[in-house]
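> Sequence:
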Amino acid sequence: MRESKPPRSGGQILVDQLSVHGVTDIFCVPGESYLAVLDALHDSAIRLTVCRQEGAAAMMAEAAGKLTGQPGICFVTRGPGAMNAAPGLHVARQDSTPLILFVGQIERGAREREAFQELDYRAVFGTVAKWVTEVDDPARLPELVSRAFHVATAGRPGPVVVALPEDMLTEQAAVPDAEPCVPVETHPALNQMVALQKLLADAERPLAILGGSRWSPGAVRRFARFADLLSLPVSCSFRRQGLFPADHSCYAGDLGLGVNPKLLARIREADLLLLVGGRLSEIPSQGYTLLDIPGPAQRLVHVHPDPEELGRVYRPHLAINASPAAFAAAIETVQPPARLPWAAGTAEAHADYLAWSDPAGIRTPGELQMSGVMAHLREALPADAILCNGAGNFATWVHRFWPFRAFDGQLAPTSGSMGYGVPAAVAAKRLLPERTVVAVAGDGDFLMSGQDFATAVQYDLPIVVIVVDNGMYGTIRMHQEREYPGRVFGTALRNPDFAAYATIFGGYGERVTRNEEFPAALARALASGLPAILHCPIDPEAITPTTTLTALRERARPA
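So the sequence shown is numbered by this note's numbering: it starts at 1387 and just counts up by one.
No lab work stands behind these hints, which were simulated from the structure alone. Just so it is clear, the structure is predicted and the values come from calculations on it, not from any experiment. Among these hints, one or two may not hold up.
Restraint ranges, calculated between C-beta atoms of paired labels, are given here [unchecked claim]:
1) R1611 with P1768: 21 to 31 angstroms
2) S1602 with R1388: 21 to 31 angstroms
3) S1602 with R1941: 56 to 66 angstroms
4) T1675 with E1590: 21 to 31 angstroms
5) R1941 with R1698: 34 to 44 angstroms
Every residue gets a Cβ at the ideal spot worked out from N, C-alpha and C, and that includes glycine.
With these hints in hand, go ahead and build the complete structure from the sequences.
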């Protein structure tokens, strides 16, 4: 029997359930609709991070979910607050991140009158969240919060939305607490591992692709040992580069945007693909062109914690319903084949990655070049630095040229959401203050969540934000030049002085205009002990590491 509890308010019951489930951090924008929760948090050990905009708060919670593997927790108020949080919810969905969004709601007696800020959250979020519920009775909070944790972490993790009527949170109930949530683990069957061993023994050109969530540092180490034992070439899926160390002799590169053509050729020529944890969705599959659908030409072994993903797009030769962590433990039973005909190709694949990811040979227009910025970051930052980014062409420089070596060293949205980098950096520094945290943001990207630089200042979180400023929405301009060459419209930006922006918020700011200025500027930013912005204007022509706007335009013009 669970221990009985004296009557408590709904707000207190809810906060007690969060404590039971091991929550240490909450990200929020406060609202009158859940004042009873804020009051209960006043005497709680749970740490509250108050943000400036709900989208940033939800992205911070999503980043916390990525870092910990446990549901990130976000509280927002009803109506506009809930809608502002939607981008973070979408990131959690597409990135398979456990997240629970608690949303204030109108009083129960006013439903269906379109009361002030009323929304039907099941209808609004039902296609994005794994589960949406509304709690009518405070006595059911232990049950429904427990279910929220289980749903958010089970199978393919994702977001859950829990709506909280204002009067329910002030009503009292005597109810025992729930038991702590223990995520359900799925393990490979012995016969599946035997089948995998036979497939490897028969292979001539195998390759592994790692992605998804439900990994752990231990699982990453175990898979790296397995790859080393078999000389197995390994690639990481889009923005999952922390799943395999870049300095490992088996690393072949990442499957994102602007992929090394030699890696794509290796995947197409492979006779066995081991896809672990990921879905090989649109970006890593290069627009669903990398593998035939539904039956790939290569033998495909697909390992995924959600059975509904197995065979949904690609029909695998061997489907293994298991979490990556459980699979990584099970592969220690797989013996290496007597012959490894692919070993020389693995060494070549790693050499190709090293050449592709070396910024030294990259030259672009302008006095400040991102190749120089990345080259210095590689020298100056520790191997376990956490690099964060949102969406934009600037991110290509980070993904291609930073050698990710730490399991939790990358926070980036596979959903392609702009504005993610700064909130992710705030969350990372809040949870892991001992780590160096750097956000790289485009100018348009930064100003979608730049107000939460104030959150970093408020909580003394010395992140460094590198704002790559080319005066436009660069990715859209790139596509515009390809499709409508010379007809520039709607993509130009007039930007503020981002260094001054940092200073007026109470942080450190500096403008960097030449390559030789960047090393000292970064050193000063790190030494300041303050949240810092390095404003880095770059030539708009430098649209990617491999081409310019003018070249794009000329190629697109009719002959």
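> Name the hints, by number, that the structure is in violation of.
3
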